[in-house]
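Asks: These are the residues of each chain, in order.
2 protein chains.
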Amino acid sequence: MIYLDDMHEGDTSVLGPIHVTREEALDFARKYDPQPFHLDDAAAAAHPFFKKLSISGWQTCGYAMRLMVDEMQARAIQSLGSPGIDSIRWLKPVYPGDALTLESETREVRVSRSRPEMGSARRTYVFRNQDGEAVMTMEATGLFATRPR
Amino acid sequence: MIYLDDMHEGDTSVLGPIHVTREEALDFARKYDPQPFHLDDAAAAAHPFFKKLSISGWQTCGYAMRLMVDEMQARAIQSLGSPGIDSIRWLKPVYPGDALTLESETREVRVSRSRPEMGSARRTYVFRNQDGEAVMTMEATGLFATRPR
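Same order as they appear, the protein sequences are chains A and B. Going by our numbering, the letters in the first sequence line up with residues 142 to 290, in that order. Going by our numbering, the letters in the second sequence line up with residues 142 to 290, in that order.
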């Protein structure tokens, strides 16, 4: 099992790729972000930036999360959730057919003073498409259990 | 139609409620955030904070977005998407059965210098449950078309 004790400033990882499908793009957009440029090819073609049907930025976050959770489960990382996010930048559109790879770097690891059985790790992320372009950056904090003593 | 020209610092709105269902919670968690405390009642009961099966924080963002998009479409607000988010804080768990209401306040409205046909509005949001508790806060920037001249 991997605990907070095993995480260190400067740690890096690369996860993925995860594949974006048109079916999932439309399903997510219908439920959570039914803006025309996420649902309709003609509306997307008329948009000043998107040009083609692109996925919701929130779905991009969902794909990043899925890669993180698959990694946590593969390595038995003792995650307790997250208190929040300090920055998200949606830099380029993500399109159905894209394959996304998530790079992370750990910036700070801190044991909780009031609850030493847990602590937080702050990480920065770069999500890249199959052409190596950064489509999203993110700064996030995760809570993790410390190793039982 | 509502353009950036119609948005002003200090504008406030209240949207919702939107209702969280167990079926949608499990569907989202399976696809994007399959951590045990979002999928399994017993794992959630054992978690130090959640106590009951709670939804993914990313799904909470999705519900907030859905309220915003429904409002944009009801009022023909000329949204062009978003460059990013400056802060998300997941303050309390959100449970299936909750009804969430989104409060917003506009903090800054700015026309683009390089592309005066559009501009940005920065807003702060508080998402509350049916007991009035803040479950999430967010600072987000949206891009909107300016009124054609």
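No wet-lab data here; the hints were simulated from the structure. Honestly, I wouldn't trust all of these hints.
Claimed, not checked - Simulated coverage check for chain A against chain B, where a stretch passes if three residues somewhere in it have a Cβ under 8 angstroms from a Cβ of chain B: (1) 177–190; (2) 263–274.
To be verified - Within a straight-line C-alpha distance of at most 25 angstroms, the following computed DSS-like cross-link-like pairs (lysine-lysine) qualify: (3) Lys-193/A - Lys-233/B; (4) Lys-233/B - Lys-172/A; (5) Lys-193/A - Lys-193/B; (6) Lys-172/A - Lys-193/A; (7) Lys-172/B - Lys-233/A.
Model, not experiment: these values are computed from the prediction. Cβ coordinates follow ideal geometry from the N, Cα and C atoms, glycine included.
Asks: Each of the hints needs a verdict: does it hold here or not?
Replies: Verification of the hints:
1. 177–190: holds (count 4)
2. 263–274: n = 0 at 8 angstroms, threshold three: violated.
3. Lys-193/A - Lys-233/B: violated, 37 angstroms
4. Lys-233/B - Lys-172/A: holds, 23 angstroms
5. Lys-193/A - Lys-193/B: violated, 41 angstroms
6. Lys-172/A - Lys-193/A: holds, 20 angstroms
7. Lys-172/B - Lys-233/A: holds, 23 angstroms
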